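Participant: For the protein sequence lines, the chains are A and B, in the order given. Mapping to our numbering: the first sequence position 66 is 66, numbers consecutive. Just so we're on the same page, our numbering is the position in the second sequence counted from 1, plus 1000.
Honestly, the hints are just simulated from the structure, not real lab data. Owing to the predicted nature of the structure, the values given are computational and were not obtained by experimental measurement. Beta carbons: idealized from backbone N, C-alpha and C, even for Gly. Be a bit skeptical, because a hint or two may be false.
What the hints assert, rightly or not - For lysine-lysine, the following DSS-like pairs were computed, each having C-alpha atoms within a straight-line distance of at most 30 Å:
hint	chain 1	residue 1	chain 2	residue 2
1	A	89	B	1226
2	A	165	B	1023
3	A	132	B	1039
4	B	1189	A	55
5	A	227	B	1039
6	A	55	B	1039
7	A	132	A	105
Claimed, not checked - Label pairs and their computed distance ranges (CB to CB):
hint	chain 1	residue 1	chain 2	residue 2	range
8	A	188	B	1264	27 to 37 Å
9	A	134	B	1268	51 to 61 Å
10	B	1264	A	264	30 to 40 Å
11	B	1054	A	52	54 to 64 Å
12	B	1088	A	94	22 to 32 Å
13	B	1264	A	152	17 to 27 Å
14	B	1305	A	181	44 to 54 Å
15	A	191	B	1299	50 to 60 Å
The primary structure of each chain is shown beneath.
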Amino acid sequence: MNTAELSRVCRQVRRDIINMTANAGSGHPGGSLSAVELMVSTFYNHMRVDPKNPKAEDRDRFVLSKGHAAPCYYAVLAELGFISRDEFKNFRQLNSILQGHPDCKKVPGVDASTGSLGQGCSIAVGMALGAKVQGKDTKVFTLLGDGECQEGQIWEALMSAAHYKLDNLTVLVDNNGLQIDGSNDEVTSLGDLAAKLRAFGFDLHEIDGHDLDAVEAALSAPTTAGKPKAILAHTVKGKGVSFMENQVGWHGKAPNEEQRQQALKELED
Amino acid sequence: MSEKIATREAYGKALVELGEQNKNVVVLDADLAGATMTKFFKAAHPDRFFDCGIAEANMMNIGAGLSTMGLIPFCSTFAMFGAGRAYEQIRNSIAYPKFNVKICCSHAGVSVGEDGGSHQSIEDIGLMRLIPGMTVIVPADANEARKATFALAEFQGPAYMRLARLATPVFEEDYPFEIGKANVLREGKDVAVFACGLMVNEALEAAKLLSAEGIEISVINVHTIKPIDAACVTEYAQKCGNVVTVEEHSVIGGLGDAVADVLMGKVCCKFRKIGVNDQFGQSGKAADVLREYGLTADQIAARIKEAL
């Protein structure tokens, strides 16, 4: 899909994020909106998946380590046809397949249950390692939050990815700079993330995470044999909705009706 | 009683055979392969052995990821660092999605000995049985550890197996092993003694001491703490009217509580739990530590007499 078409999908996904969180009256719009281009581009142009056969053995894998970006995930899965858009109204409601954080037992297309931060990256390492053991050409993608990188387990996972020479693994970092209690730097600075990822043995691509051409280029870049790939994507929390952009308060708060309408207006095609 | 073999050693050797029979079996460790005995698998099947280093949380979730590829990961470390340190990884990334990961932890209980209280997990059974859908197995001897290892590979779903460091007697009598089915090792009308792990042998020895005094106890090996064999527990509690549980674990949350959960509100009987009484372990020779916490045959026999 070309970037113009991807861009149209991204706008639809953003509208879905706003509607899902507004309907539920809760959820995480900020970190969902920052991840849109990364997830849309990955799913549409770089993964071998079949919505009609979500458990196909030769499928590529995606792990949303920052599980709170579930609305973005669900919107992308619906656009691709894994789930029905009718499910959106049930997001975060009793007996819904669309739990507050992704549940792989319930949602077709989801391969790992995530939400407890710091764990998804290790699961992705396990998947990539499993593919190597089995001699499969499976590619594995995982999307981390930057705040999530404060979890020590992320660095255990990154260390092991390099150790096992997982050149079938791509780690995307949604570097929107904000977390619940403030900016990353106010809470606990991550320091030079790019240098750290390089030091941990990754082929690093540092990009603007909302520039689809840049995202496409980074995802398409050939991998170095024996080295995992990391894409450090600088993003804007709340991207696309003026009053949400770069606002700490929109991490885990849903828009009210007035805010929903304003957001949707800004996100019109 | 014949030779002494630790359950961890039987596990490690069984893994080698299992690896030959089933190419989907992979083994992970966290820098303790020499102690958990996964070293045997490492030597036999190096391409399917992964030492994750001193990073237990990462190991558990790598296991989760491997299982999604159709592999059968056995993740091993000490009980303290598996059930303890990596509790939430097991809870959220293995049990919640019902992944087919086997968590097999050695050095459980106070019989760890010299390493002391920091390394003696007396909470692992409780932690693991708290998790919805988790199967919890505690083999009593080397034969049972071997059978349980094979059974776990066949079993679909998350499971925890508790293994011991200490070499203990291997039962002469062989009996079948089935997950969830307790084994009655001795019939006696006076007290139903439910035990697991190393305490099964101590209970059998206690039975001999008591028998010499005319007290006959039933000894039931509850190797599967969850799902517990409720029918067997109920039957023997009713038959004897007097229940004693024995475990090398805190009296809070372990086998005793699991048995109590079955009987509460259903069977009217005397009930006593023998285990570690809400305190931490300490260094010492394993035999001395077990005695310090009242977990030897003669001490158990004395407590059973009190229960009469």
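Participant: State for each hint whether it applies.
Facilitator: Hint check results:
1. 89(A) to 1226(B): Given that 30 Å is the threshold and the Cα spacing comes to 38 Å, the pair is violated.
2. 165(A) to 1023(B): 22 Å, holds
3. 132(A) to 1039(B): 22 Å, holds
4. 1189(B) to 55(A): 54 Å, violated
5. 227(A) to 1039(B): Holds, because 28 Å separates the two Cα atoms, which is no more than 30 Å.
6. 55(A) to 1039(B): Distance of about 34 Å is beyond 30 Å: violated.
7. 132(A) to 105(A): 25 Å, holds
8. 188(A) to 1264(B): 27 to 37 Å: 47 Å, violated
9. 134(A) to 1268(B): 51 to 61 Å: 56 Å, holds
10. 1264(B) to 264(A): 30 to 40 Å: 55 Å, violated
11. 1054(B) to 52(A): 54 to 64 Å: The hint (54 to 64 Å, Cβ to Cβ) is violated, given that residue 1054(B) and residue 52(A) are roughly 44 Å apart.
12. 1088(B) to 94(A): 22 to 32 Å: Given range 22 to 32 Å: holds, Cβ gap about 25 Å.
13. 1264(B) to 152(A): 17 to 27 Å: Cβ of residue 1264(B) to Cβ of residue 152(A): about 41 Å, so the range 17 to 27 Å is violated.
14. 1305(B) to 181(A): 44 to 54 Å: Cβ of residue 1305(B) to Cβ of residue 181(A): about 59 Å, so the range 44 to 54 Å is violated.
15. 191(A) to 1299(B): 50 to 60 Å: The hinted range 50 to 60 Å holds for residue 191(A) and residue 1299(B), with Cβ atoms some 56 Å apart.
When the structure is compared with the earlier hints, violations turn up for hints 1, 4, 6, 8, 10, 11, 13, 14 and for no others.
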